[in-house]
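Protein chains: 2
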Amino acid sequence: MPVKLSAPITTALLPVKGVKLGFAKAHVRKPDRKDVLVITLPVGSAVAGVFTQNRFCAAPVILCKTHLAETAGIRALLVNTGCANAGTGEEGIKRAKQSCDALSMLLDIASNQVLPFSTGVILEPLPVDKVIAGMPVAIENLNEDNWLNAAEAIMTTDIVPKGTSRQIQLAGKTVTITGISKGSGMIHPNMATMLGYIATDAAVSQSALEVIIQYAVKKSFNCITVDGDTSTNDSLMMMATNLTGNTEVAIGSDDFIVLRNALTDVAIELAQAIVRDGEGATKFMTVTVESGKDETECRKVAYAIAHSPLIKTAFFASDPNLGRILAAIGYAGIDDLDVDKLDLYLGNVLVAEKGGRAASYIEEQGAAIMKESDILVRVVLNRGNDNITIWTCDFSYDYVKINADYRS
Amino acid sequence: MPVKLSAPITTALLPVKGVKLGFAKAHVRKPDRKDVLVITLPVGSAVAGVFTQNRFCAAPVILCKTHLAETAGIRALLVNTGCANAGTGEEGIKRAKQSCDALSMLLDIASNQVLPFSTGVILEPLPVDKVIAGMPVAIENLNEDNWLNAAEAIMTTDIVPKGTSRQIQLAGKTVTITGISKGSGMIHPNMATMLGYIATDAAVSQSALEVIIQYAVKKSFNCITVDGDTSTNDSLMMMATNLTGNTEVAIGSDDFIVLRNALTDVAIELAQAIVRDGEGATKFMTVTVESGKDETECRKVAYAIAHSPLIKTAFFASDPNLGRILAAIGYAGIDDLDVDKLDLYLGNVLVAEKGGRAASYIEEQGAAIMKESDILVRVVLNRGNDNITIWTCDFSYDYVKINADYRS
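In the order they appear, the protein sequences are chains A and B. Positions in the first sequence are counted from 1; adding 2 to them yields the numbering used here. Positions in the second sequence are counted from 1; adding 2 to them yields the numbering used here.
If you're looking for bench data, these hints aren't it; they were derived computationally from the structure. Relax, there's no trap hidden among the hints.
Identical copies go unnamed one by one, so any copy, or any two together, can satisfy a pair.
Derived DSS-like pairs (lysine-lysine); straight-line CA-CA distance at most 30 Å:
1. 403 - 302
2. 36 - 96
3. 343 - 96
4. 356 - 96
5. 373 - 403
6. 99 - 343
7. 96 - 67
8. 356 - 132
9. 302 - 220
10. 373 - 32
11. 99 - 22
12. 221 - 22
13. 295 - 67
14. 221 - 302
15. 356 - 99
16. 67 - 343
17. 356 - 295
18. 19 - 175
19. 67 - 356
Isolated chain A, as found in the complex:
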């Protein structure tokens, strides 16, 4: 079961003025599950995206980038699960384009006003006819109140739908932000999430939204990992419908900071939800690396810890086998690291100081903290002023089971 992940979902997902969502059970891979999602946006919406750095990026990712470059008038998003349409070459591009053509005709917009997204098995052809056949049903039930259905429609190995909402005040106007995400395995920064969609009804300039999404990604989806595998299809979208009646938010204004921070909070909650629902996860681990020379080396240390199967299995077993953390710090790739300066904390317990076991440390302290479901690992490098915090989960029998069984 996901680690402490009931809370965000029992909170109602608030409608965002102008954003309509519709879904269908199109049998893309499995029967009787929501697997096609259509999102429509009003004229005048700003849309910004961040996509996977994987060189094998999927056909829909390529097409999304093209459409975003071609037009500022994105009016619809189309998502299917069950098939990633990745590793599918020219034919994959053709089918992604076909799906955009079909939706654009049904909605009476241009084909490049549609952004396509796919998630699921790689290296298999997209059953585009099934996706297209699902569109009329999805369009039929387009509705502003469909966020929870939408969160369910984009799930693959996710156990729970993931979403959250916020309301903030911008110059006396109430602005709503709602976001959903999916992802559970093949999770690693650059971008980390498989798919994320965050919408607000605030008026924001296109350039401000692009600055905000880069800021938010860096603090959220690029700070999580489940298994170190970067997906071919990762995409995060931010949409602003401009229907609240606030003055358009421009870069650098006070409202910009308020809106940026609220959107970033939503992104962090969605990113953390992916880790809490990480495949087989039983523990949620926060890894903080402090006082490094720069952010890059802090990241290296944090990810060496977060990716180590030995550490992740020890956390699964609630075993304070903390020497494995020192070993990971040692091979993180900082050539001039002076291990004799380094301190390691588990929660608030000092485990190692100056590179060796702390004199005050007794194993019972470590064992008590390891029993918790949310655990902080804190490394103090004592060689600079930069910090980083990332989030990951443990590595259990169920991770193996889920990924051994995924296609069966």
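Following the hints, complete the assembly by docking chain B onto the known chain A.
Frame of chain A, contents of chain B only:
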């Protein structure tokens, strides 16, 4: 069970003239197992070593390097399992030194003629009194025929002892090479093995042996990975006792090539044995990356595949979910990779060509190969002339079980 690993061990491990091995059950961590090993070498032996690149290298590794730098007259090696003596600070160095002092007095040699090695749990103090108490028994049973006992004495989570022998002719003289290794988890290049000891009775100059060990490591232990964790204690030693009566082998001679290749063969067999006995392994995977621009990028691609938990669990399940391999190639970190040029083979079956699913590929072909216990993954980048081959294993329930239970 290890993957096809009965063969090397049923082969008798041949004595190497002048190399004596003795063992004891010293109760370092667990009762009733061989956990202390002493190896003695005759005067005039050449000894070379390669050690972990982990910044948190263990106290014995630090001391080994010091002793090798101080003297060309190494006469004894001391190994204990059960405790790695890593992450133990100044006290760890002191205890490693104490153990060398004790053995040197018993053998009537200088303390810096002893090389110490430890393997086991990190961040716990070495019970040096137990190690010292075991020495008289180990010295009592010093014998040239003890290689199999020695291989058993250095095991931790290993299921089987690992060793192999070769005989070659150097200018009419029969030269014997015997090696043993241990390691099963926390296995990743730089150096990869936890511990390896390879001895020959050939006469080899110190400088020639140092060139050979670097060559051999690059082709063997630095080409394997189980879980991507680089140990704090990795050490490979090569020893030559100079008792065969051959002319001393010097760098660049014909005999040098013959001896180098034979020692490298032994190193490769020992390295592969570690993977075959990888924690929880059910499949042995050979990953070959061909026609890359340089060796570095071939290595990046090979290790991205070999480290991916998603690929390793799919292999465990015999599931030809081969899109995961394309995804790993895509995130391997080659920024200018043209995925449209790339071919992927599973065994001799073409799975993907020019970056997409091969028209000729049918899933039954992939499924048939996935049922084998030894599987070749072959990536052809079609962008240069460099190649690399590495070895790894799959990721099973038992990996999680072994590492969740390791200290209990």
